[in-house]
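Number of protein chains: 2
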Amino acid sequence: MKGEIINVGTEILIGDILNTNAQYISKELSSAGVSVFFQTTVGDNPDRLMSVLKESVERSDLIILTGGLGPTQDDLTKETVARLLGLDMDMHTESYDKMMSFFHKISSKMTQNNLKQAYMPVGAHIIPNENGTAPGVLIEHEGKVIIMLPGPPRELVPMFRDFVMVYLQGKSQDKFFSNYYKVSGIGESALEDMLIDIIDNQTNPTIATYAKPDEVLLRVTANAKSEDEAKLLLDKTDKIIVDRLKDNLFAREDISLNGLVAKLLIDTSTTISLAESCTGGLITSRLTETAGISKCLHSSIICYSNDSKIQYLGVRKSTLEKYGAVSRECAEEMLKGLIKNNNTDMAVATTGIAGPTGGTEDKPVGLVYVGIAYKGNIHVEEHNISGTRHRVQLKSANIALNLIRKQLIGL
Amino acid sequence: MKGEIINVGTEILIGDILNTNAQYISKELSSAGVSVFFQTTVGDNPDRLMSVLKESVERSDLIILTGGLGPTQDDLTKETVARLLGLDMDMHTESYDKMMSFFHKISSKMTQNNLKQAYMPVGAHIIPNENGTAPGVLIEHEGKVIIMLPGPPRELVPMFRDFVMVYLQGKSQDKFFSNYYKVSGIGESALEDMLIDIIDNQTNPTIATYAKPDEVLLRVTANAKSEDEAKLLLDKTDKIIVDRLKDNLFAREDISLNGLVAKLLIDTSTTISLAESCTGGLITSRLTETAGISKCLHSSIICYSNDSKIQYLGVRKSTLEKYGAVSRECAEEMLKGLIKNNNTDMAVATTGIAGPTGGTEDKPVGLVYVGIAYKGNIHVEEHNISGTRHRVQLKSANIALNLIRKQLIGL
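Chains A and B supply the protein sequences, listed in that same order.
full-length UniProt numbering numbers the first residue of the first sequence as 1 and each following residue consecutively.
full-length UniProt numbering numbers the first residue of the second sequence as 1 and each following residue consecutively.
Mixed in with the good hints, there may be bad ones.
For chains that are exact copies, the list does not tell them apart, and a pair is met inside one copy or across any two.
[What the hints assert, rightly or not] With a straight-line Cα cutoff of 35 Å, these simulated DSBU-like cross-link-like pairs (lysine-lysine) come out:
(1) K363 x K116
(2) K54 x K2
(3) K322 x K340
(4) K2 x K239
No lab work stands behind these hints: they were computed from the structure.
This is chain A alone, in the form it adopts within the complex:
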């Protein structure tokens, strides 16, 4: 089923409000097997609304309109839809009574313009609004379905969930099921390169990638009559994808890397302490986003100065003089210091040059050492990360989080 969304409201066009309705409705429609091909926002202007409406009725089976159902003069959605479909407007008694009792309840006199909200296109189904005065409207017309809902999310969302979704699920036979793959340490384009043959030949299931800062979500969606049938379709691609993603695949759900790592630490009751230099606390602050981490996190030393590396981690002055703070040797001593001081199961350390200044020829900006100590082993990796200071810090943090993850799941 082809669907589209038309949001009516000048306040959206001048950027006064963020259009969260479009996202909410799109997500719901996708889950109900409706392919949303267009989202259009148009102002409270009958001619422009009419031009958008005409086109939408030609190209889509389902049109959801939001906004423009209110009492004021510029609320013209119902009237414009009725005009396009050649339907008369008529007083809807139930809605009228409901509105009267509403105004009675708040013991305020109903102004004339509110009456407008009780006039409905003839033959329309009315969608009750439990959180406002403007009812929703559903019209089935020559094989097309047109649904109008009020703009305020607190009115729209319950109406959509409790009425529109029930209506749609009754109509469609197809169901949609998805596999999720969360990937880190590899960019969106490299990921698609890796899967290009599958992506090029996708029909059912379909494949989509969504990049978030230094994380990519891969979604594989099958469309079938039953969950079993969908599972068969998904299993075919699943093995290939998992083989190719290797270590980069860190979750089979849409979870952040730091959220997953915090969960692993908590579930395995692993205590951890950290020493962050170039990452400046980013790893620890991201771990502490997860409730319950206090059970595992002993402490983290953000040892930005050389003094603090000596003072809190027992890094030797001679090491700093001989190899510098950004060195494998320093990272190792940071780890040893953490283990000695904190007696935690795991220790993690970062030291590097985040930039943009401070680089030299043999130690350029982006040179980062990330180390981990666990079960008696010390492992330090050298990385060269390009880009802004922000990117160097973010990638360094994710490299560290990924090291923790691999150690905890024994990779």
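Following the hints, put chain B in place on chain A, whose structure we already have.
Leaving out everything else, chain B in the frame of chain A:
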């Protein structure tokens, strides 16, 4: 000038991401005197994109497209625009070289699909992208202006602000001048309430608010023929706004609170050390976003466990037993420990209950102590912050940053 926005991306149509670009661009265009009549979101599908493009070129003077400039197969915005306008695509050497050196720098092989990003419609102006690999494109064609920008906001926003807005102002005779007010510790709606009379009566200057997590940017824009004329218009509202914002106003430019505080520390060569418990490193990681902070930041102890408070900060066991870790007394001893150990000009400490669990009747979730030691004085504030764990951590961090700011400017 009539404008419209076309957001290209299937991920928006299936509701996986919220379309914040449409709001941002609409707000900016309105402030530049462009009337936005349509926002359209279309998927990564050349035919549907073409149909939307055709129509937009007929009805609008300025068309801003976002998304679909990346390296992957389904990134087709440039190609579709070129096809509509009958322009050939050609390799843009500068963009190619920039990309090559980027991949050379990260010493990773550039995959073939990345090349795509260097091919540009012949005769187009290229908009450099400092935060990603896909440049933007501006085409002037038969009196119409078509601008293509990458989808990720952290790439799009700087390009729009530094290039597109400058370009648009160059085109119109009217010039736009703005006052900026950066506010923390007060929400967007509370801020609008505070200024409702000015907002309701706005014609010239116009007022717009931009909410970021726990920070709001207030922009007052006057439209005039000359800077002097604009200045007169802006001065009228300036006094009123500054009076009403009081302490909440932390900057007269669009700078983050942590960026401002880092700058103040660097400019005044003030050394600082921190002890973060409930904020888990958030304050320090935000300070270290600013290059050059290494000159000021000695260290930060994320003392999540009681042991670490004793071990690294010399908090007395008896204090923890008698008053608990979340107490004024503990915060004071954390500060004293920092001063004693680190000999920095300033020390900052946080301890609190971020939640969602761990609260008690006399110490509820959201109880936070934020302390600062500077020039021999120790000052500890008690706060009760409502909301999620994330909000408690974020607000606690901003309270601390604001304390540092006030101390440094002698408030």
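Results of checking the hints against the structure:
1. In this assembly of identical chains, K363 and K116 lie within 35 Å of each other by CA distance solely across copies; the values are 32 Å between and 58 Å within a copy.
2. In the homo-oligomer, the alpha carbons of K54 and K2 lie at most 35 Å apart both inside one protomer (15 Å) and across protomers (21 Å), since each shortest distance falls under that limit.
3. In this homomeric assembly, K322 and K340 come within 35 Å of each other (Cα to Cα) both inside a single copy, at 23 Å, and across copies, at 29 Å.
4. Taking identical chains as interchangeable, the C-alpha atoms of K2 and K239 lie at most 35 Å apart only when both belong to the same chain, with a minimum of 31 Å there against 51 Å between chains.
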